[in-house]
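Chains as they are written, first to last, in the working numbering: chain A, 1 to 213; chain B, 214 to 298.
Per the computed footprint, the stretches of chain B lying under chain A, defined by three or more beta-carbons under 8 Å from a beta-carbon of chain A, are:
#1 224-234
#2 252-258
#3 261-269
#4 272-280
To give an idea of the interface, some chain A residues facing chain B are shown, with a C-beta separation under 8 Å as derived from the structure:
#5 R63
#6 K127
#7 K134
#8 V137
#9 L138
#10 S172
None of these hints come from the bench; they were simulated from the model. Here a beta-carbon is modelled for each residue, glycine too, at the ideal position from N, C-alpha and C.
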Amino acid sequence: MEAESSTSNQQRKRKRSVSDTPDKPAQSTWRTDKEHRLYSSKLLEALRRVRSGSTLPRTEPPRSRAIREAADRALAISARGRSRWSRAILSSRSIRLKSNRIRFPVPSRPNRTELVRNQVADREKKKSVVLQRKARVLGRLVPGCKKLSFPILLEEASDYIKALEMQVKAMSALTEILSMIGGGTEGVPGPVQESGADTSTTSTGINSLPPPA
Amino acid sequence: MSSRRSRISEDEINELVSKLQSLLPESRRRGSNRSSATKLLKETCNYIKSLQQEVDDLSDRLSDLMAGMDNNSVQADIIRSLLSS
Chain A
1 MEAESSTSNQ QRKRKRSVSD TPDKPAQSTW RTDKEHRLYS SKLLEALRRV
51 RSGSTLPRTE PPRSRAIREA ADRALAISAR GRSRWSRAIL SSRSIRLKSN
101 RIRFPVPSRP NRTELVRNQV ADREKKKSVV LQRKARVLGR LVPGCKKLSF
151 PILLEEASDY IKALEMQVKA MSALTEILSM IGGGTEGVPG PVQESGADTS
201 TTSTGINSLP PPA
Chain B
214 MSSRRSRISE DEINELVSKL QSLLPESRRR GSNRSSATKL LKETCNYIKS
264 LQQEVDDLSD RLSDLMAGMD NNSVQADIIR SLLSS
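Generate coordinates for the entire structure from the input sequences, incorporating the hints supplied.
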């Protein structure tokens with residue numbers, strides 16, 4: 001894993017400025033240019049597939065959902081099996097919808113007599129109860145991490161955050177490019193042409209794609 | 214983790230959470246260690262939620278853009294070649 005994270009830092013247009021000092025190699029994942037290119041090309045592939053599969057009528061799960069899932073899948077693939085959340089995404093796309101309904105179990109609270117008796121211990125217990133609850137919420141957010149121990153959960157969460165940031169960056173760049181190109185036609189609801197031949201390599205002579213890594 | 218497997222010590226929790234803190238965007242404005250573990254966890258959850266929401270919005274926009282591709286226009290051709298090379 002290269003630690004050339006400085007260039008990708010400069011490319012960030014956002015207000016965040018993470019110090020990617022390579023004190024641990026995990027910091028430089030998801031931030032390198034190589035990873036960005038990898039993800040971008042996978043994203044384009046995924047979008048291509050969505051497009052070619054989009055002969056469904058609009059009443060189906062809308063294309064945006066398909067795009068989201070394709071982007072997540074591409075993200076998970078880019079993780080190369082390093083993290084649990086990526087494996088969870090890849091293995092269980094449909095189960096994810098089900099898991100949103102599970103209530104997180106609230107640990108039992110100490111009753112009143114205990115409260116009066118020992119306030120210090122109680123405060124600590126309360127704090128850990130609240131912590132546990134928050135940890136459960138976090139576990140629900142990160143895919144596949146509902147039952148992990150606390151340190152592992154945090155590690156997965158930090159990896160997930162970084163990956164999400166890269167995903168946002170890639171998708172917004174793509175959106176920007178596409179909206180610049182399609183400036184006049186954006187939002188025009190032309191008749192949806194269900195011609196199955198999507199691989200129309202029209203020779204427009206424009207090759208502005210970033211070279212696939 | 215010898216005998217206390219049921220509870221991680223508070224120090225360990227704080228240490229782990231402070232590792233997470235460096236990732237959150239707002240943590241750089243405050244001085245370090247001013248947030249308790251619970252606040253940081255809450256911020257983490259909110260941050261993840263907002264990132265996921267952003268991805269959803271971007272997917273929406275992308276789907277709209279791609280819908281515009283179905284026209285026969287120069288721009289649509291460009292987009293198509295972009296996506297199909």
